[in-house]
Amino acid sequence: MARAELSITRRQLLKSGLAAGAGGAVGAGALGGAPASAATAGDPWYRTGEIRTTYNVCDMCPWHCGIVVHTVDGEIRKIDGNPNDPKARGQLCPRGQGGISFMNDPDRLQAPMVRTGERGEGKFQEVSWDEALDLIAQGLNQIKERSGPESVAVFGHNAGDWWWADHFAQAWGTPNAAKPSSALCISASEEAAELTFGFPIGGYEPVDWDELQCVTLIGTHIGEDARNTKMQDLANLHGRGGTIITVDPRFSSAATKADHWLPIKPGTDTALLLAWMHVIIEEEAYNADFIEKWTTGFDRLVEHVADKTPEWAAEITDLPAEQIRETALEMAANAPQALIVPGRHVAWYGTDTQRMRAVYLINVLMGSYGCEGCLHFNTAPYIDDYSLPPYQVEGSAGGCAAEPDEDDDGPLGDLPEGPTGKARADGVQESFLQGPTALQELIEPMITGDPYPIEGLICYGTNLFHSVPMVERTKEAVQNLELFVAIDVLPMEHIAYADVVLPEATYLERHDDLYALAHKTPYIALREPAVSPMYDTRPGWWIAKALGERVGLEQYFPWDGIEDYLNTRLRSIGSDLDDLRARGGIIVQEGKPFFEDFDGESPFLTDSGKVELYSSVLEETGHDPLPEYEPPDEAPEGYFRLLYGRHPVHTFAKTQNTPALSKRYPENELWLNASQAADLGLSDGQRVMLENQDGVTDGPIKLKVTERIRPDSVYMVHGFGHRSDGLSRAGGQGASDNRLQSSYTLDPISGSAGLRNNFVRIASEA
Amino acid sequence: MRQAFLLDLAQCIGCEACTIACSVGNELPDEVTYIDISERVRGTFPDLVGGFDNHRCYHCGDAACVNVCPSGALYQEDGLTRLDWDACTGCEYCVSSCPYGVPVMNGGVATKCDGCREVTRSGGTPWCVETCPSDALQFGPRDEIAAEAHRRTEALRDKYPEVQVYGESQAGGLGVLVVSPEDPEVMGLPLAPRIPTEANLWQELVKPASFWVTSLAAIGAGVLGVIARRNHMAEMQHLHGGDHAAAATVHDHEQTATPTALADDQTTPPSTGDDDDEVSR
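Those sequence lines, one after another, are chains C and R. Per numbering that gives the first Met the number 0, the very first residue in the first sequence carries number 0; after that it's consecutive. Per numbering that gives the first Met the number 0, the very first residue in the second sequence carries number 0; after that it's consecutive.
No wet-lab data here; the hints were simulated from the structure.
For the chain R half of the interface with chain C, some residues (derived, Cβ under 10 Å), not all of them: (1) G13; (2) E15; (3) E26; (4) E30; (5) F51; (6) V118; (7) P132.
Since the structure is predicted, the reported quantities are computational estimates derived from the model, not experimental observations. Heads up, the beta-carbon is just placed ideally off N, CA and C, and yes, glycines get one too.
Based on the sequences and whatever the hints tell you, model everything.
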């Protein structure tokens with residue numbers, strides 16, 4: 000009791016600013032003369048009570064590091080990286096450090112709400128969970144009876160999305176489940192790997208950094224993109240004198256550490272990659288043994304790149320031919336401990352699968368696969384799923400992918416169908432070849448009803464107006480919905496359009512399914528709450544179960560509480576929750592990262608069991624079987640190409656309102672080359688309005704006049720320009736790259752949305 | 000034992016994990032940060048070099064802030080400059096004396112990095128070091144940190160021909176040894192940190208005279224602290240202008256310092272922006 004009171008005193012002092020300063024005000028006896036009461040009131044948080052430790056998986060970015068959460072007297076005081084976690088290794092990035100602040104954000108959604116005003120007006124009435132869930136169940140059932148369960152789409156993002164975009168969607172029977180992390184992010188990388196190696200590469204790039212000697216980053220801006228492990232890996236490589244090559248229109252944070260910075264003309268990366276292949280082949284710097292043993296189509300590749308000289312690429316890429324040649328040879332000299340990392344967000348120009356194929360092909364030419372310091376093979380952890388009846392539609396995880404049909408002569412299998420015989424509505428196999436459900440392609444059917452209407456949307460953690468291009472189209476689409484349910488932590492802009500809003504507990508306040516990751520050392524990590532949910536919020540798993548039971552899906556939610564679910568899964572590997580806690584929240588298993596682990600069997604899963612340099616699937620389906628360079632759209636006169644990326648203290652459009660992070664970077668800036676600024680008579684720090692090629696305006700945004708970017712492009716950090724009234728810090732700060740992306744270029748292979756064919760000009764000074 | 004930080008600016012990628020870990024671990028109010036990270040890039044596109052500044056308290060061996068502090072709120076322990084802000088009277092002398100511009104005022108008292116006093120006293124690692132994902136920070140016995148700094152410097156010489164260790168000799172030897180990938184001056188790290196003249200005067204003259212203030216502050220009562228601060232301000236004004244007899248006492252002790260700074264300045268503290276007001280250390 001006394002401690003609690005003192006703790007409050009301390010907090011009040013902090014709030015009033017009187018106790019400003021470091022962790023220890025006055026330790027007992029520190030200065031001898033300090034009165035005891037002052038000494039105790041000023042004790043640092045870790046001395047105010049017993050520290051309780053819980054294990055969790057960070058959800059401040061999609062990298063999902065294992066964390067240790069320290070709680071004193073029911074209040075979370077500090078989060079550290081879990082030393083047992085293969086990704087955190089005891090350290091944590093700025094977002095992860097700011098997790099407490101995300102949870103304590105006073106702007107959070109606090110209770111279930113039902114819309115009372117017009118869509119977008121933001122007028123709601125608070126209701127009980129029962130009322131909210133009954134209303135949703137009624138709406139879902141009406142759509143199901145009228146149009147079939149396929150007419151409900153489920154979007155999911157962040158760590159709890161399995162409960163919704165995978166589990167609930169499949170149980171309910173809709174193939175229209177999608178995640179922005181696919182078509183708006185990594186689909187092209189995954190499909191390129193599928194075509195080349197026979198399996199997706201994985202969003203957690205399987206790079207064996209420990210022994211790597213030369214890394215090439217194309218657009219990947221580690222340091223600003225603050226994925227904890229990647230920052231550690233790059234730093235370690237740099238610290239041991241390894242070679243860093245960055246290809247980026249911007250002098251990124253990573254470029255400041257690089258031995259070579261190639262300030263490439265945006266959209267021309269494939270030309271550079273083809274020229275690199277040309278040099279490596281011409282100089283016979285490739286790994287002939289590897290190519291002989293593990294690949295098909297080398298001769299055709301040799302022929303294909305014969306005329307792709309550095310001089311040819313120099314014209315296209317605006318890079319010196321000599322630099323192209325030099326960097327190719329530097330990579331090759333370090334091979335096989337040299338590679339181009341696949342990166343994560345690769346939805347750039349609509350030609351992205353081909354570019355990613357070119358990335359993989361260079362790595363393969365260098366023999367940089369399956370050995371130390373190369374790409375390695377990921378292994379899935381061994382653990383059973385919870386035993387459940389068959390789903391209504393299979394394969395919804397990230398989208399109902401086609402299963403190759405044994406009776407089918409073609410390379411494409413039949414698409415899984417929902418209970419009323421409808422396959423996914425995103426146009427796969429018609430407007431693009433394959434891949435997980437393309438979220439942005441489900442928007443149009445909400446408006447046109449083609450190929451069939453999508454009348455309901457459950458939107459879990461997906462920031463609808465800050466991640467999907469063509470924001471105005473998305474707004475029109477949600478206006479058309481019969482039922483729009485939003486489950487979220489914060490009142491993002493799209494919340495104002497929802498019929499029912501369900502406030503979710505943050506990752507620090509809830510359990511989730513086990514985090515079981517395919518990895519070099521596959522592992523299983525625990526997420527359990529450090530504190531009870533604030534306000535009247537509920538965990539995503541709880542909401543899914545409560546809703547499932549209301550719409551006749553109780554057989555898919557048979558567990559007796561989440562601990563029963565987790566223990567059941569853990570028992571399949573001889574563990575349980577107590578054991579997992581005793582092991583520090585993580586169970587690490589052995590993987591099979593290298594060729595030697597496969598006992599002579601091929602690890603590649605293509606039909607040939609080899610790396611397909613020349614893709615037979617692409618040939619059969621009328622696509623280029625070898626990567627070709629296709630020029631991107633050119634900027635109209637007077638416009639700059641709009642590039643976007645990350646700031647280390649922010650994630651997506653999710654953290655701009657988080658007090659501890661907002662104070663470090665409260666608004667984004669528009670990077671403009673200094674010579675261009677001088678020509679336009681603009682100066683650093685000035686605020687401007689932007690207008691894009693379609694007349695869409697956004698801003699004001701502060702100018703950052705800099706030498707660090709090419710003159711033909713501008714750059715801003717993604718995720719700003721929030722317009723939600725409910726976000727007291729982020730609202731009105733900076734500009735939204737997403738709103739200025741009023742068009743996108745569909746990648747005809749993976750269905751990903753190329754976002755970088757948008758252009759802006761400085762419309763006015765603000 | 001003298002402790003120290005290693006700050007490897009060749010490694011720092013400017014991610015701010017240290018800044019936020021520090022703010023959270025030390026429960027800093029929103030308006031205060033102890034670490035300020037900013038880019039430092041030079042050249043013209045596309046010929047650029049640079050990296051990040053990681054500006055923080057350097058824990059000077061001969062610390063101007065400690066020397067001028069009349070209340071004992073700033074003091075040295077294990078080679079680190081600690082701050083007991085309950086004892087701070089808010090006189091702001093540390094703010095104007097620091098050659099690196101580190102201490103700031105918040106809520107009427109000075110604040111700055113105190114080397115995570117309670118954490119490091121019990122053998123722990125400061126929050127910033129604990130989390131740093133880019134291996135730019137370490138903490139330990141100063142001789143070991145110095146050895147590590149030199150080891151890193153040698154390893155980086157191919158990449159950064161001008162790389163050197165900064166802080167071994169500056170201001171009595173810093174408690175933050177910096178691996179500077181370029182000439183430290185270019186990195187914003189002065190080879191000869193300049194301390195405002197006023198600070199020296201305060202150290203030599205005023206501090207002994209205000210011993211009573213220190214005693215009062217040690218009682219730890221806020222009200223008395225405020226009174227003490229008022230008395231300080233009055234005393235400084237007195238010294239700097241109003242009373243010739245008192246000023247003469249100052250001159251008796253410090254005839255050769257910079258008498259004009261005392262004579263010309265009508266308010267406290269005198270400007271520190273002009274080189275003329277600074278002495279090299």
